[in-house]
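Sequences are here, hints too, so could you generate the full structure?
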Amino acid sequence: MHERLSFYIKRNSVIHHLNPLTKLTLVLALILIAFTSPWYWTPHLLVLIAIIPLSFLGKVAPEFFKTALRLILPAAGFLFLMQAFFQPVGETVIFKFYFLDMTQESLMFAFRNATRVIVMVSAFTFLLLTTHPSELMSDLTRRGLPGQFAYVIISTLQILPQMQAKAQTIISAQRSRGLDTESSFIRRMGSLTPLIGPLVFGSLAEVEERAIAIEARGFTSKKVKTSLHEIPDPSSDKLIRWVLIILVIISIALKLWLS
Amino acid sequence: MAFINLQNVTYKYPLTKTPVLQNINLQINEGEFVAVIGPNGAGKSTLCYTLAGFVPHFFKGEISGTVEVAGMESSKSTLDEWVLNVGLAFQNPFNQISGAKYTVFEEIAFGLENTGVPRDEMKTRVEEALKLTDISNLADRSPYSLSGGQQQRVALTSILVMQPKLLVLDEPTSQMDPIGTREVFGVIRKMAEDGMTVVMVEHKVEWIANFADRVIALKDGQILLEGKPSEVLTSDVLAENGFGISRYTSTAREAKKQGLWKKENLPVTLDEAVEGFSNW
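In order, the protein sequence lines correspond to chains A and B.
Be aware that the first sequence starts at 1, since it is given in my numbering, and climbs by one per residue.
Be aware that the second sequence starts at 1, since it is given in my numbering, and climbs by one per residue.
These aren't lab readings, by the way, just hints derived from the structure by calculation.
Model, not experiment: these values are computed from the prediction.
One or more of the hints may lead you astray.
Said to hold, decoys possible - Calculated cross-link-like contacts (lysine-lysine; reagent style DSS-like; alpha-carbon spacing at most 25 Å):
| # | chain 1 | residue 1 | chain 2 | residue 2 |
| --- | --- | --- | --- | --- |
| 1 | A | Lys-222 | B | Lys-123 |
| 2 | B | Lys-256 | B | Lys-228 |
| 3 | A | Lys-10 | B | Lys-123 |
In structure tokens, the structure reads:
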């Protein structure tokens, strides 16, 4: 019940002490380079020489590999198989499965695309594991992101588990009054329909109250907001961000130049 | 000039046919602790929203008459200016948790962040407020992991920390146990003595009798009775109009009919009842 939708793991590492914007820039740079680099092996190298070492540096390697095995690899594997079989490119057939052909070219293509997806998802996983969401949002708000936008992101992360719990309460209450949740699928769907009303309308009424509550605490105040936590942004962070931006520009320039 | 001044206030929500508040005239002085009682649908919450500026700025609808607090007029101010003077905490604690913060400490600092209080001052004020309502031990917990009563304290603290001139409370102790209720009433009493004006909707009449300066009995959007707790809460008018009254009052009223209650005034609290019954 008290679990919240946050992957953040509190550890004391170099990565944890980086400014959140630096980490966000790092992630976006990794993704952009993986997608724009003209060299075939770039995404694979990024995983090996950047993302995995970074997860060790951030002391979140066990959690990182757990997520990778459970979530990222299965999804990327599925994508790989689909593209390897269905991509209609190339002549050199190396594998036949009934009417499906896997060519050397489609295999190469699928392998790179799957790795790009791995780079994208695992880079974000790395960000979420090492960055507290409210820290990221308050840093971005300080730099000019609208407060309402940050509020929507953070409150959704917190309120979703609460809504799940509420749905569970409604279902339990109705089951204790004889609601059928165990017979055929059609009957269950039918009996679940009346539960949607209380959940949706109840949540709407809650939204109004919550709006009053945050308004009463000056949410729309025109004063310049301050923040409780100081998020340091030393010049080393700024330097890292500039280096990353230059790397992205080089990658895009090479792509344009070589094509 | 009274600190709060309501002149002929009539208000109707956008979708209702009859006005929820009818011709309310009310003057409250600075530092006064006023309790509002009344049956369901009497307009208690609407009165709270009116004082806190949410009527008419948030709920729209039709309002007539004037609402003045601390020399400002509601219809001529904006809500974000108004909330700097007037704090509002209401019944359901769960919906008062902002959802934007991960710990109680951050949750309480939320209002101060929004109104641009500098960081050092913010920390001191949050720590003081936590001590005041005795929840320092919850500072690092997630606001969602707390019990209803604890969440109510957090909601109250989140408003107190903003140091409003007027504190409007709509059943702030509904989910608290008796010990929690007594502590919260004690804190609010102290705030009033320090100069904060308090308007509080509450059903627990014995607590009102012990702590409030004045009681307003509201029914069908109108002020039925107004005065000292000992007078209003023992009035026959309340019993006849379906208000919740203290069991000690109703016992003594019956006793009086039998000639067993000799005193002039009826009791509200246990102590008064014991004292009255033991002296005959």
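Hint check results:
1. Lys-222/A x Lys-123/B: The hint holds at about 22 Å.
2. Lys-256/B x Lys-228/B: Measuring from Cα to Cα gives roughly 21 Å; hence the hint holds.
3. Lys-10/A x Lys-123/B: Holds. Lys-10/A to Lys-123/B sits at ~22 Å (cutoff 25 Å).
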